[in-house]
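**Student:** Here the sequence shown is numbered in my numbering, starting from 1 and rising by one per residue.
There could be a bad hint or two in this list.
Using 27 Å as the maximum straight-line C-alpha spacing, the simulated DSSO-like pairs for lysine-lysine come out as follows [claimed, not checked]:
1) K956 to K831
2) K884 to K902
3) K525 to K539
4) K19 to K537
5) K444 to K376
6) K19 to K524
7) K829 to K665
8) K248 to K750
9) K954 to K321
10) K151 to K665
11) K524 to K18
12) K902 to K376
13) K665 to K537
14) K831 to K902
15) K902 to K750
16) K496 to K525
17) K314 to K335
18) K18 to K100
19) K814 to K793
Label pairs and their computed distance ranges (CB to CB) [what the hints assert, rightly or not]:
20) K539 to H122: 40 to 46 Å
21) M532 to K314: 52 to 58 Å
22) E213 to S96: 14 to 20 Å
23) G942 to D273: 52 to 58 Å
Worth flagging that the hints you see were computed from the coordinates, not collected in a lab.
We treat Cβ as the ideally placed atom computed from N, Cα and C, and that holds for glycine.
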Amino acid sequence: MVGCRQQYRNLLDGKEDKKFEVLQIEPIYQSYIIQIQRPLVVGYIGLVVAILLGTVIYHITNVQSFSNQDYRISQSVLIVGQVSLAIILLCVIKNSIYLKFSTWISVVIWILLLAISNIYFHIPSRRQTTDDVAVTFFLIFMCHVMLPMSKMLSLCFGGMTVVLQITTSGILSPKENMVAELVSNFVILLSANMMGIGHKYLTDLHHRHSFLEARSMIQVKKKLEWENNQRDELLNCCIPGDMVEEMKGDITEKMLNHSNKNPELYVESHYQDVSILYADIVNFTPLSAKCESPNELIDLLNRLFGRFDQLAEKHQCLRIKILGDCYVCVCGVPKPNPNHALNCVSLGVDMIDAIREVRDESKTDVDMRIGVHSGKVLSGVIGLNKWQYDVWSDDVTLANNMEASGIPGKVHITKNVLVQLGDNHQFMVENGNGQERNEYLREKNIETFILSVKQPEIPKNRPKFSFRSYVKMAMFISKLQWKVEKPFAKWKAVSKAIRMSPGQLAQSSSSKITSEIDIIQMGKKFHAEVNMELENKSKLLGRKSSWEGNKDYNPWWMRFSKELELEYNKEPDLWFKVSLILLFGVFVGIQIVHGVVSVRGFEYYAMFGIGITVFTVLIVISLGENFVSCNRTKDKMPDGCNKPIYFVLCSFLSLSANVLFLQIKYIVKVLLMTVAVIVFDILFHTDSVFQTEGTMSLSVLGSVYTGVMFVALVYFCRQVEFMNRLNFLLKDQCRTEARLSENSASLNMKLLENILPSHVAEYFLTDQAKDQELYSESHENVCIMFASIPNFKEFYQESAARQCIELLNNIIAKFDQMLLLPEFSKVEKIKVIGSTYMAVTGLKPDLCSNAESSHRSNVVTMTQFALKMMSELETITTNTYQFKLRAGINTGPVTAGVIGAKRPLYDIWGDAVNVASRLDSTSEEDKIQVTEKNAKILIDAGFNCHLKGMTLLKGKGEIVTYMVTPS
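Whenever a hint applies, use it, and build me the whole structure from the sequences.
**Tutor:** Written as structure tokens, this is what we have:
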């Protein structure tokens, strides 16, 4: 009911028109309406030409009429009219002329027909007041409903035509019974205007309503497309495009077939010529503990690693991952690059320069340690969720050790890199002596070199680290002219832009803030694309012919295919109530005419009373219900008619009333009109009152008039039905495309949630994120687990690298499937580092605020998960190998956040994370190493836990640790 009331408000106050102006689609709409009305104009001109031609033939074959001077003049007028209309028809057929001058063409047609009618009927020396009423009625009604004129212009011409007819009739006709006949003529022509203007207004409102619905669905589709483009851009930055498409195909197949087949392996073939760079920020770990707020730490990390991303892009390198404060990238993957070694080394030099700029101004010992190696890698994605594009090979392991054995402020390279560089470089090369600092390099007998980078002198009195020095460094970084984007900054800008309406964009256009100007321009571009697509679709549909059929449309029966027809039948007639009121007006008009020209006896008053009662009930019911169906009203001719021509004219009103109901099917209207015409013709030829003398009997004239009206209305109703179906097709196309975009959005969202945790993805995809806000969270009691497969390195063979990674993928996939178990709903996977699985409990916001998310619960759940991993790993064996798992678990405060604009990365930082990693690396196979604090919790919970003793952890010294073993 509320929707209907709103429609009436729109009808009365013109809100639909205002909306079109704000959305800037009025010209598009007018072009569409003019285009789909062209068949009406062509048909109207053709029908009028046929009528004029028939009249000319009638006069030629009627010798008595032809010998009369008046009729010869009128015949000339008819011929000139035909020629003029033929010329106009050629202009209408010429699409470019018609679209540009449709209003002028309509005005010319109306004036021409008005001139022909008046000259033809006013030439005879003696005329009656009713001679031209039928023709004028036809002219007014058909010009209203068939010509593409504005409502106001149409109303003006309709009023002018009525005034002209009444005036000329009053002047030229006999005075006998003039007043009664002029009143009747006025009522009939007023009814023609009422029906014509009413139909034009309702049709216009119906078209506008459909047009707005279509635009709304296109806007939804475009919004989804823009968001999908952002997701695609993000996914393609995180994972190569070809691999993303393969993942989408596999996910779609699983969604459609509900398949649970083995996990897919998304691994590329070996890349032979690749350089790998590992870069660690030296002395950054102690500083993270001195951070005043989580947002400050994330801001610092985002600026540093965002700057490194910019430098990597400059040197055509691809960032693979960030491990705490370690930056890993490659060159030559996924696209080969002959300068891969030079690019990686140049990137390392630029990274050192960038961190030195910070160090020298902040007076802190922050530096970069760089290791670069050239070789071959296998690249891809493993596991079922939290995908990260990664690389594997012995050469990757070597590059890692090159960084670990490097020297702060210098680039540590292998001989392979030096060979790749050749003589075309400007670096100072010296012996690296990496074997002296790293056991792996010593075992593999790797020769290393140091590329010298000019360093400024180190100040003698450099202050020690302090909280204030860190604050100063953070303040300094915020002032650096690096122009580093924040994660999802563009995404949030796009999201804000597409939510702004054209009205809001117009109000904000005076803004001078750069970021707001960009959003405004983006919003204008978005709405311009929506309008452009609406224009293209409406133009394409506007060119369709009602006789052009296809598999979904039968032009003869005016029906869609079964499914489409069912949907079309569900379309409500929003304007049925108004149509009913207009029909009531027609009924009143007929009764007034009969009352004026007929004997008003009992039958007349009985019919009038019954009619008023029926219409009142119908109108009240229709206005009181939210959904109604259309009912047809039959009009009878009252007895005692003194002027039979008015019965013919009233039959015009009855026939024309059919068109008022927009949603009644064309076939139904044709059947109703056919029955009415047959009944009228029977009355015309059986009732003696119509058997008049003269050149043409009133019975014949009545049949001709109703026949012409019938043909015109049949053609008109067919085109109206076709126009309604075009509107439906426009909406249906847009609705279908919007659904496809929704499916694509769901698929992309699923992929995105496989890269970021669901609550983090939701944060950026909804309005929770503020324009310039970084995502950061501080968690006090998080339990961190690192679980490694130490003997996987022994199992891995470069000659069977793909098979080895496929096995690792199956292992990680089994661990990922465990996350779906209800008892592990609190566990959040963070990432996979080589063959090490990192997960935490206590991060999920919807689960960490209740009792089950306490410190004790987090430790117990994480330990149960690690033990379950051990039992699952035992089920995976090879012919010669049994994999073993070791793990380290620790608890403490962490900072979680997203860094990196082009390749957003979710991670956690904090001393507790580093301790968990060290506990894993110093643990033993089939055991979980924990601290004394957590061991007490596990012993109380009934776990098999025993004292290991003092364990040396890098950066922490010796601490007491315990080992948890399976029962």
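**Student:** Next, verify each hint and record whether it holds.
**Tutor:** A quick look at each hint next to the structure:
1. K956 to K831: At roughly 24 Å apart (the allowed maximum being 27 Å), K831 and K956 satisfy the hint.
2. K884 to K902: Violated, at roughly 37 Å.
3. K525 to K539: Measuring from Cα to Cα gives roughly 21 Å; hence the hint holds.
4. K19 to K537: holds (20 Å)
5. K444 to K376: Since the Cα atoms of K444 and K376 sit roughly 17 Å apart, the hinted pair holds (cutoff 27 Å).
6. K19 to K524: holds (16 Å)
7. K829 to K665: violated (60 Å)
8. K248 to K750: holds (9 Å)
9. K954 to K321: Holds, because 23 Å separates the two Cα atoms, which is no more than 27 Å.
10. K151 to K665: holds (25 Å)
11. K524 to K18: Since the Cα atoms of K524 and K18 sit roughly 19 Å apart, the hinted pair holds (cutoff 27 Å).
12. K902 to K376: holds (26 Å)
13. K665 to K537: Since the Cα atoms of K665 and K537 sit roughly 25 Å apart, the hinted pair holds (cutoff 27 Å).
14. K831 to K902: holds (19 Å)
15. K902 to K750: Status holds; Cα separation ~19 Å.
16. K496 to K525: Measuring from Cα to Cα gives roughly 13 Å; hence the hint holds.
17. K314 to K335: Holds. K314 to K335 sits at ~15 Å (cutoff 27 Å).
18. K18 to K100: holds (23 Å)
19. K814 to K793: Judged against 27 Å, a Cα distance of about 19 Å means the pair holds.
20. K539 to H122: 40 to 46 Å: Once the Cβ atoms are compared, 44 Å apart, the range 40 to 46 Å for H122 and K539 holds.
21. M532 to K314: 52 to 58 Å: Between M532 and K314, where Cβ atoms are some 36 Å apart, the hint is violated.
22. E213 to S96: 14 to 20 Å: The hint (14 to 20 Å, Cβ to Cβ) is violated, given that E213 and S96 are roughly 29 Å apart.
23. G942 to D273: 52 to 58 Å: For D273 against G942, whose Cβ atoms are near 55 Å apart, the range 52 to 58 Å holds.
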